[in-house]
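Colleague: Construct the complete structure from the given sequences, taking the supplied hints into account.
2 protein chains.
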Amino acid sequence: MFFLQSGAVNLIRHTEAGQKVTMFRATAGDTIAEPSVFSDHYHCDAISQQPSVVLAFDRQSVLAAMAKDSAFATAFVKRLAGQVQTYRRHLELLAIRSAKDRVLAGLADGRLTGTVLDFAAELGLSHESVYRALAELTRDGRVEHPTRGQYRLKPC
Amino acid sequence: MFFLQSGAVNLIRHTEAGQKVTMFRATAGDTIAEPSVFSDHYHCDAISQQPSVVLAFDRQSVLAAMAKDSAFATAFVKRLAGQVQTYRRHLELLAIRSAKDRVLAGLADGRLTGTVLDFAAELGLSHESVYRALAELTRDGRVEHPTRGQYRLKPC
DNA sequence: TAAGCTTTATGATTTCGATCATAATGAAGC
DNA sequence: GCTTCATTATGATCGAAATCATAAAGCTTA
Numbered sequence: 254m255f256f257l258q259s260g261a262v263n264l265i266r267h268t269e270a271g272q273k274v275t276m277f278r279a280t281a282g283d284t285i286a287e288p289s290v291f292s293d294h295y296h297c298d299a300i301s302q303q304p305s306v307v308l309a310f311d312r313q314s315v316l317a318a319m320a321k322d323s324a325f326a327t328a329f330v331k332r333l334a335g336q337v338q339t340y341r342r343h344l345e346l347l348a349i350r351s352a353k354d355r356v357l358a359g360l361a362d363g364r365l366t367g368t369v370l371d372f373a374a375e376l377g378l379s380h381e382s383v384y385r386a387l388a389e390l391t392r393d394g395r396v397e398h399p400t401r402g403q404y405r406l407k408p409c
Numbered sequence: 254m255f256f257l258q259s260g261a262v263n264l265i266r267h268t269e270a271g272q273k274v275t276m277f278r279a280t281a282g283d284t285i286a287e288p289s290v291f292s293d294h295y296h297c298d299a300i301s302q303q304p305s306v307v308l309a310f311d312r313q314s315v316l317a318a319m320a321k322d323s324a325f326a327t328a329f330v331k332r333l334a335g336q337v338q339t340y341r342r343h344l345e346l347l348a349i350r351s352a353k354d355r356v357l358a359g360l361a362d363g364r365l366t367g368t369v370l371d372f373a374a375e376l377g378l379s380h381e382s383v384y385r386a387l388a389e390l391t392r393d394g395r396v397e398h399p400t401r402g403q404y405r406l407k408p409c
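Chains as they are written, first to last, in our numbering: chain P, 254 to 409; chain H, 254 to 409.
Quick caveat, the hints were computed from the structure, so don't treat them as lab data.
For chains that are exact copies, the list does not tell them apart, and a pair is met inside one copy or across any two.
Below are the PhoX-like pairs computed for lysine-lysine, each with C-alpha atoms no more than 25 angstroms apart in a straight line:
#1 K273 / K353
#2 K331 / K321
#3 K353 / K407
The model shown is predicted, which means the values in this text are computed figures rather than measured ones.
Modeller: See below:
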């Protein structure tokens, strides 16, 4: 298991068709690959988005810390419970049929931080559709587009 | 937080458009609404699929048990870590563009246990598309369709 | 500064899934 | 048994998103 001390790391998987699926976007303070404490294989690739400092912990250490330190265990549970909520929200997002609505919801959730390409991958849409949706939303006046590549939800 | 002693309960949410999104399908032995130990609101509706026996635990009891009993805390972490993996797999599934491939992957993951309607909701597809995909897969000889409403992956 | 790459952006076309419609089957309740 | 309802199933049509194509902008890096 890993602790991201600084920087940003994305966990991604690739579908058989070759598109990438972002599973988790870790920022400073996040833990990475928690399930690996209990299972033997990694299923994701970790891609650092910025220069990052990562601390690695072997399985035994983590299990020992949980056994000894109940505050650590509780904090761990809290962390994972938060992740579960995040995943549920993500599933909810992907259930939105209309590309425009999905992009809007994604923006509202603050998911557009990196490139539009990454944003599109997270939303499960082609980047062309996302560009188009962003253009439409800008035309509708629901999104601000100050400069090329910059999109921001209007604080209506 | 709840413990499902017997039966089956689905956690669902509804999108603005009204479609339902299955967040979690709990079967006997699963816990439900773990994040509620740390947060104040439920976001999902729990729908029992069968007559079920559910034990309710208030937040304090769970927090106390985690603090006192490190084995309990560890088991809890393990449970949640498993859920995280399940959600990741689910996201991966939803990233599959082709309905046919998605249905096939869903079958392979053993997600068709209840009705095809529920299966479709889980896959984020219309049930008509799922019926069609199942019919095609049957025609292709990749799926067995012994009787109406029964579909099984061929053990090729 | 030139070459090569990625990201941003939009236009044209196609395809596939959603939607609408209809009907048969089966289960639950009266 | 009969009625009612949900599920299963398929056909027809439509529309939206994917795909294909192209190009400008920006950023690396040599």
